[in-house]
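Given chain E's structure and the hints, the job is docking chain D onto it.
Residue numbers (the working numbering), protein chains in the order written: chain E, 1 to 394; chain D, 1 to 394.
Keep in mind the hints are simulated off the structure, nothing from the lab.
Where hints are given, some of them may not hold.
Chain copies aren't distinguished; within one or between two, either way the pair holds.
[Claimed, not checked] In silico EDC-like pairs for lysine to aspartate or glutamate, Cα to Cα no more than 20 Å straight-line:
id	residue 1	residue 2
1	LYS393	GLU383
2	LYS393	GLU337
3	LYS253	GLU13
4	LYS91	GLU292
5	LYS66	GLU299
6	LYS66	ASP377
7	LYS121	GLU67
8	LYS393	ASP368
9	LYS91	ASP377
10	LYS12	GLU75
11	LYS66	GLU306
Spelled out from the first residue to the last, the chains are:
There are 2 protein chains.
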Amino acid sequence: MLTPNLSYANLKESYLFHHIAEKTGAYLESHPGAHLYRMGIGDVSLPLAPAVIEALHRAVDDQAVKESFHGYMPECGAPFLREAVAGYYAKRGVRLSPDEVFVSSGASDELGDILDLFDRKNRALIMEPAYPAYVDANIMAGREILHLSSGPENQFLPLPEDGLEADLVYLCSPNNPTGAAYGRDQLSRWVAWANARGALILFDAAYEAFIAEDLPHSIFEIPGARTCAIEICSLSKTAGFTGTRLGYTVIPKELERGGLSLNAMWVRNRTTKTNGISYILQRGGAAVFTEEGQRQVRENIRVYRENARCLMRALDQAGIRYWGGRNAPYIWMRCPEGMGSWDFFDLLLREIQVVGTPGAGFGACGEDFFRFSTFGDPADTREAAARMLRLLKK
Amino acid sequence: MLTPNLSYANLKESYLFHHIAEKTGAYLESHPGAHLYRMGIGDVSLPLAPAVIEALHRAVDDQAVKESFHGYMPECGAPFLREAVAGYYAKRGVRLSPDEVFVSSGASDELGDILDLFDRKNRALIMEPAYPAYVDANIMAGREILHLSSGPENQFLPLPEDGLEADLVYLCSPNNPTGAAYGRDQLSRWVAWANARGALILFDAAYEAFIAEDLPHSIFEIPGARTCAIEICSLSKTAGFTGTRLGYTVIPKELERGGLSLNAMWVRNRTTKTNGISYILQRGGAAVFTEEGQRQVRENIRVYRENARCLMRALDQAGIRYWGGRNAPYIWMRCPEGMGSWDFFDLLLREIQVVGTPGAGFGACGEDFFRFSTFGDPADTREAAARMLRLLKK
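With the rest of the complex left out, here is chain E:
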């Protein structure tokens, strides 16, 4: 008799986006034709860069002709893309060998898959508010989870404190949902803490391209990180690949635990459990790292940054406290006094037709907060900001 993975029974229902969809659906039903200003889900609104489109077309053409047709790709990634990513890191002074770079289908896919490398008895440390999949993937593995709350008292950037013990630590910087980004000294404290006890940092760098100030884009800018960190990144937000899918993961050669090289383990995992990533998508991804591609994706990011500035101006004028926005595509605001995050959601939808994400969806300590994505349409964002200002100034 097959026994299923009974840890799935310990998952809580994932209400957040389902509940948002229900509420917006009900609103539209009772207000037919109403326009909603959607700043909830962190999905991009601008199309792919022309350099990427051109590379994708060329790659499709390659697959049409026997002489240029590509069958199975190397499981860990096409050399041309592994080298392009290593080159991207080199520009910030981070030296990687191309075979420390693994091509993936995206950060969310990789954050799930990579857990196969770790024993299920390890204890995972998740700082909240957090991307809900960190918690759920570890529940599925039956792993013990230590939740570490953060808040305004530490600018949503918690640091290791005396007595904190865990084996696997998630760090997401710039953070989803709070938009907070760690500085060098702060990340150095996490690296020292991890190296001191042989813990491993899973560094989620999905939003690194949004950093505007002088802050680390990669954990590998911190001395000592090569012996304690894996970095997971994606082109979803950098280059609008949310629906195109492509990402990359960095596992240094020095990274060992229990006598096993995690880089070699991941090679073995990928060669056993995948047949590589689509040739077409890898060609599209490589175009992101060309000079032209970089110029074009930065132009898109500039548009999203202007969205952020527009929302921040409105919140500043309304006297609302918020975090993020400067180095991240998310703004994390405190709900008006005495209002829970779902109450505030209802208020915004009812009064000004703006859709955001209640902070309670990212852990209990998010209850008094609210997330806005800055990936929306610029005209919609401007109108939403004006409406918020009118509503919140009252």
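Chain D alone, transformed into the frame defined by chain E:
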């Protein structure tokens, strides 16, 4: 201190294709300019069908313009593709709801990922010779593996016998590497066996499009399979997607174990651990199931079938016994008497520059056999067949 997944230390080195590459490399070094007739790896040689190329180009164009741009796709698959796959099954009389069809990155990816649904204490039954990843993925999970040898005595199609007990059973039909394909009565015996003890069949249907005779293409053609089977399929061999990547998995709604619905568990897994499959690739995949797409991919399969016939004729004339080839893209031959599979590999390479795959790479019981892929270039395959006939008739 992080403990790695120590089960990785129990993996045997995967020598097979590495060793083949070493030997062919050494040959080419000592015979510069020699042409090798490559019939080893199961990778396709014909380009994508024109209907697929056209759909891929159109989808890339969709991603270039804001109005048609697609961000995050539904995690379990685009409705248009789930419906197209359900329609493909309906043509053979198998009724599926589109939400029993999950879009994947391919069969190998899915065969690795799907194991997350099962407890690690389950015992896995793997019939050998077998695709090596079945074994390795279960070793990584620390699962007990029962190896069931097959051979000429049962035409490489083993059936459940008295006393056989396991929780998770891999069935690959048409089979890689032997090319043997189960009949309805035989599959019915496996379904009855699984239902009688609550075991689960993982049915690998990656080669179903190569079936020419009246044999089941899907386990779901067998009454009772909806309560005991998951089917994993791919467009890699059906439509030449080895380097393009796309597949699908069928999990019936009725399939429950331990009070949990495996369909609902997989929905939860996908929504937690992925952000869906590339819009572009899903559009390309949907084109495979159009009338034009089906006609074109069948034309490619006809070419590979002619390769198989050409090799089979040569083996017939040489008086060599073999399996497969009629309903599968693989031919599994017995090595000349007294010759191990690596000796035979060396002989073919040295004497006639033909590269195949030694049977020993698929389990100990494959030692006396040798696999040819029929996915190669037709002219190369004809020449290889002629050379084999001359060599083996001696």
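Verification of the supplied hints:
1. For the homomeric pair LYS393 and GLU383, the shortest alpha-carbon distance inside one copy (15 Å) is at most 20 Å, but the shortest distance between copies (82 Å) is not.
2. When the C-alpha separation of LYS393 and GLU337 is checked against a cutoff of 20 Å, the pair qualifies only within one copy, where the shortest distance is 13 Å, while the shortest distance between copies is 90 Å.
3. In the homo-oligomer, the alpha carbons of LYS253 and GLU13 lie at most 20 Å apart only across protomers (19 Å), although the nearest pairing inside one protomer, at 39 Å, exceeds that limit.
4. In this assembly of identical chains, the alpha carbons of LYS91 and GLU292 lie at most 20 Å apart only when taken from the same copy (16 Å versus 48 Å across copies).
5. Within a single copy, LYS66 and GLU299 get their C-alpha atoms only as close as 37 Å, which misses the 20 Å cut-off; across copies the closest is 15 Å, which meets it.
6. Taking identical chains as interchangeable, the C-alpha atoms of LYS66 and ASP377 lie at most 20 Å apart only when they sit on different chains, with a minimum of 10 Å there against 42 Å within one chain.
7. For a Cα distance limit of 20 Å, the shortest separation of LYS121 from GLU67 qualifies neither inside one copy, at 50 Å, nor across copies, at 48 Å.
8. In this homomeric assembly, LYS393 and ASP368 come within 20 Å of each other (Cα to Cα) only inside a single copy, at 19 Å, whereas the closest approach across copies is 82 Å.
9. In this homomeric assembly, LYS91 and ASP377 never come within 20 Å of each other (Cα to Cα): the closest approach is 31 Å inside a single copy and 43 Å across copies.
10. With identical chains, the CA atoms of LYS12 and GLU75 are at most 20 Å apart between copies only, with a shortest distance of 18 Å across copies and 34 Å within one.
11. Only between protomers do LYS66 and GLU306 lie at most 20 Å apart by alpha-carbon distance; the minimum there is 18 Å, versus 46 Å within a single protomer.
Figure legend: structure checked against the earlier numbered hints; hints not met, in rising order: 7, 9.
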